[in-house]
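Q: So you can see what is in the structure, the chains are spelled out below.
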Amino acid sequence: MNQLNRRNFLKTAGISTTTIPFLGNLEAFAAPGKAINKQRMVIFFSPNGVVPEAFWPQEEGENFQLKEILAPLEPFKNQTIVLNGVCDKVRGDGDNHMRGIGCLLTGIELFPGNVQGGSHTPAGWASGLSIDQEIKNYLQKNEATRTRFGSLELGVLVPDRADTWTRMSYSSSNKPISPINDPYQLFAKLYGQAKDKEILGSVLDPVIADLKRISSQLGKEDRKIIEEHTGFVRDMEKELRNLKLSNNHAMPKLEPGIREDNENLPKISRMQLDLLHNSLQADFNRISTFQFTNSVGMAKMKWLGIEEGHHQLSHEPDTNKVAVEKLIKINKWFCEEIAYFAKKLKNTPEPNGQGNMLDNTLLVWTNELGKGNSHTLDNIPFVMVGGNLGWKNGKSHKFTRTSHNRLLIAMAHGFGHNIASFGNVEYCKDGPLVLS
Amino acid sequence: MKFKYLYLYLLSNLSASLLFGYLLLLVLPTFVLAQSEGKKIYDAKCLACHGAKGEGVKGKYKKLLSGDLTPNQLAKVIEETMPKDEPGSINATSSLAIAKYIHEDFYSSIARERNRPARVELSRLTVKQYRNTLMDLVGSFREKANSQEKSKGIKGEYFKARNLNKGDLVETHVDAEIDFDFKIEGPIVGKTEPHDFSIRWAGAIFAPETGYYEFTVQSSHSIRLWVNDAANPLIDAWVKSGKDTEFKGSLYLIAGRYYSLKLDFTKAKQGVNDNKKPKEVQPAFVKLLWKKPSGPLEICPSEYLTSNTFPEMFICSSPFPPDDGSLGWERGVTISKEWDQATTTGALEAAKYISKKLNEFTKTREGDAQRVEKTIEFLKKFAMRAFGRNLENDETALINKVMLEFKEPQEAAIRVIVWVLKSPQFLYRHEGGGDFIASQLSYTLWDSIPDQQLWDAETSGKLKNPELLRREIDRMLLDSRAKEKIRGFFHDLLLLNHTSELNKDAKRFPDFNPLLESDLKLSLDKSLDEIFWNKESNFQKLFLEDSVFMNQRIAKFYNQKLDAKTGFEKMNLDAGKRAGIVTHPYMISMLSYAAESSPIHRGVFLARSIVGVTLKPPPEAVAPLAQSLHPSLTTRERVIMQTKAGVCMTCHGTINSLGFTLEHFDAVGKLRTQDNSKPIDTSGSYVSRDGKKVSFDGARNLALFLASNRDTHRAFTEHLFHHLLKQPTRAYGPETLEQLTDYFEKNSLNMAKLASEIARLGSQKVVAQPQKLTKQPLQSP
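These protein sequence lines are chains A and B, in that order. Every letter in the first sequence is one number past the one before it in our numbering, and letter 122, counting from 1, is 122. Every letter in the second sequence is one number past the one before it in our numbering, and letter 752, counting from 1, is 1752.
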């Protein structure tokens, strides 16, 4: 097995994540002319509405205070934008939870279908693609902004069932994208090829030993084919070695055996966020969605001392102060995850560019409802951190019943994709939301 | 026909590779060797000193006559120096004749290679064997599929509410196919409400060929389809959205196996249970269709559906380069870089599959204190079964060390499995050397590894006892893998593997469509299955069977009346006028042009595949005479006109006189009495290898001749031998073929018995002591 170790050259010694920040910088030498920083966007989703009093800043403009739920964003306040008054005006089939998530990024009606919500008519999938996919397609069309995956659709404990409540991202009308929930699956997607090579490197010695052993037992005529075979294995060895030399991106390590269950939600969230960070840093993708559970999500945040399911709590009346406190805690927890990610980006220098990664990555946090117990689609939470879409940072906006389609258009425009409308044109009349 | 020109000698439907194989066949020694002028002179003047084949003569000239001179150079040497006692006595012409003869016969390196005695060569697994082996190797750690008689059709459970709950079950019955239009009323009036019912069909589906299958479900309502993988649906259209009513999913399947299949259907709404009866009930339909790797979109036929249950199978779908088929059967005697890379992809595919489900295979779970030990145990067994022998000490040590180093069982497993599957000890088979009888038998009859029972028979020494060996072979012949191997043999023999879509003249045969073609192929398979697996397994029945399996579509096309709505029934067709499988409508259609019959295609097929004649390619490629250019001639007259030249007739003499006998069948296999408004001449003949000329008239007489002729018996024996053992018969001794043919004839031409005898013979070829590596006796893996 010593031999196995010696050959194990692809299992590089320093594959911990700490080596990564230096790796991306190598590209700087390869592409000297690229002055413009990359633009990235990650859209976070958490369910069941928020507690407005503990969420929306009282003030409008640049001088504003973050309320309790948004407090974790304090370190990034000067890069934070809060949009109040943006409403999901899309109507049609489906209940508000369904339309809340299904029309959130698509801005267009759901098809009639057979999924029956708690009220309204039954519905199917959204009848158009979502803004993350629209922008991803735009970036992938251009050589300069094209990346390996374009986008990643990630989830944390999204239930294993495909229905209107569990899907946010759509590649086209009637084509929802299943988010990757499993960090190991995500790892395989990001690093599968590199991992394969590492595995192959580790078995070369025993395979060559076997070829020798077989060859020694054969007559001259039969030995020829084994000699030829040995040549191919040697070729593979050379190829793997060359690849190792040119390999400037190492794999992160993943804690093995974490099961997807409610108790592990915090752990899985961090694993997913860390992998997403690696992927953005390696420029595997520029766009991502990140979906905590689902519309009507039932997470039980026992680690916060909350035994009830999230959705169940969100139905409690405002007079139930205990429930309201719990909802604040739950939403604050989601906000902490976003703050964790923001911090991670902020601490990472922009590979091949200026500043840090947060400067060039817009984080958007949103929700299917404005408020859980009223099921309103008005005042949909939209909180943004970081990014370089040309928006004025560090600002609290108060709009008056403004259609959220306009925000979706503004996102595309921020990427230089100047579409006139997105989703249902009815709600696009006044053009992109002005955020300067 | 797709091509503008069709060459007379080339079966229009055959691929280039077959043609290639056909050409290569010519380098094999043919049974009639012309006595050349050169040989006569050599034998008279040179043989005394050089021996009959230039091998040398003791005391005269000992050295082997071999080298790199060209015939002209050789001629010069002979003319100037030979014979030793009288140089110059052989003139230039004679010298050249001698030179040409010895160069061709034994002097040149090519001739030496050709004369090398045939031997059992070290072979890698063929692609088919590789895929089967991986499937069975992984499957050996799972519950066994039940091998009982498969029922046709699929079990349907009908529920009176939306969620397929046991409590709502109102009826269970077997449906032949899934092809339903429930209209508004629903499936079982009185038991199910029109707006609120659900159905689950569960069973398995048989894959008749290897490749990607596209499944399609057409439905007005919610459906989910699982194939092989019970955890992840192949098609998930449980959410009904918009107007889509057709849903597709593709999956690679390996031929000859059943795969679990489940289709759920619900008419009710999802989500919140709000199943108030709506004002207006919509009609409902559901259909399960597929597109086989070759073939049209069709309703999954009841023939391939069963209600029996099957465990999940591991399907290796990594693409492989095709095997060497140059001798007419697939062999694993050559390797290439592409092949090596494919084995890497295959190894990774299998290793990932297993490591993902490691707990299932090792019968353990997360947190089990024994998990590491159980994993090591599993990996050792896996390696033993893959190598077909005990593990060496260093191999066991390697597994232990990998586990120690990587700790996490999945990480260790993935590496050990990749090693095992990349090892030549897994990838090669060594019939002549290291393999056990068990392995020899299983690859001969199953193209796969032995099962537990066979290993047990090996370790207990049963396979050394002739009687018990026979019994074991007979058991193996009952296995579905043996059935698949025999089906593959017939497909090779009847050239079915080389056939793409049969395009027929739409004006003359408007009803001959891909659906009919697919049914005909299945009908032919059913005939072959029935004849071979019948107790008598009578070879003669291949030619004398009068009936054809028909379903509604076939019956309608061939003007027969069939009562059964679905499925196939055996029906007489033109009793006494056909020649069994030779005139099966599919075979005849394949051996025809789009609008006209083709005596040449038919003749070449009969000559090569059935009677075993070696044919040379024609001296030049010729396009067939168009019927329109000779409107007054019959097909027979046109063929005679075109092939009358002497140079053509050396082969067409044989080809035409066999092919003409089937002229009573048109381009789609229907019986006819006239061709081009003229009476048909179906007289023909054949000169046997023993020099006797036999004449016959029409398909029936041809069939009687084929059924009882030694040449056809020998040809069948040789084809079957090649297909089963994938080695030349001569490698097992010069008399092997004749002896096996004798055996075949003495045993009432029982094909299954012949297969059994070939398997027995192959298993006796273990020359070296197997398991040189291991001192201890073989443990049952």
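If you are wondering where the hints come from, they were derived from the structure by calculation, not from laboratory data. Wrong hints could be hidden among the right ones.
[To be verified] Computed cross-link-like contacts, DSS-like style, restricted to lysine-lysine with a CA-CA straight-line distance of at most 27 Å:
#	chain 1	residue 1	chain 2	residue 2
1	B	1670	B	1577
2	B	1262	B	1407
3	A	212	B	1337
4	B	1483	A	175
5	A	175	B	1380
6	A	267	A	332
7	B	1401	B	1483
8	B	1062	B	1045
9	B	1407	A	267
10	A	197	B	1352
11	B	1062	A	197
12	A	197	B	1045
13	B	1765	A	224
14	A	212	B	1243
15	B	1570	A	195
16	B	1292	A	220
17	B	1765	B	1150
18	A	195	B	1380
19	B	1483	B	1765
Q: I'd like to know which numbered hints this structure contradicts. Please list them from smallest to largest.
A: Going through the list in order, the structure violates hints 2, 4, 5, 7, 11, 12, 14, 15, 16 and 17 and respects the others.
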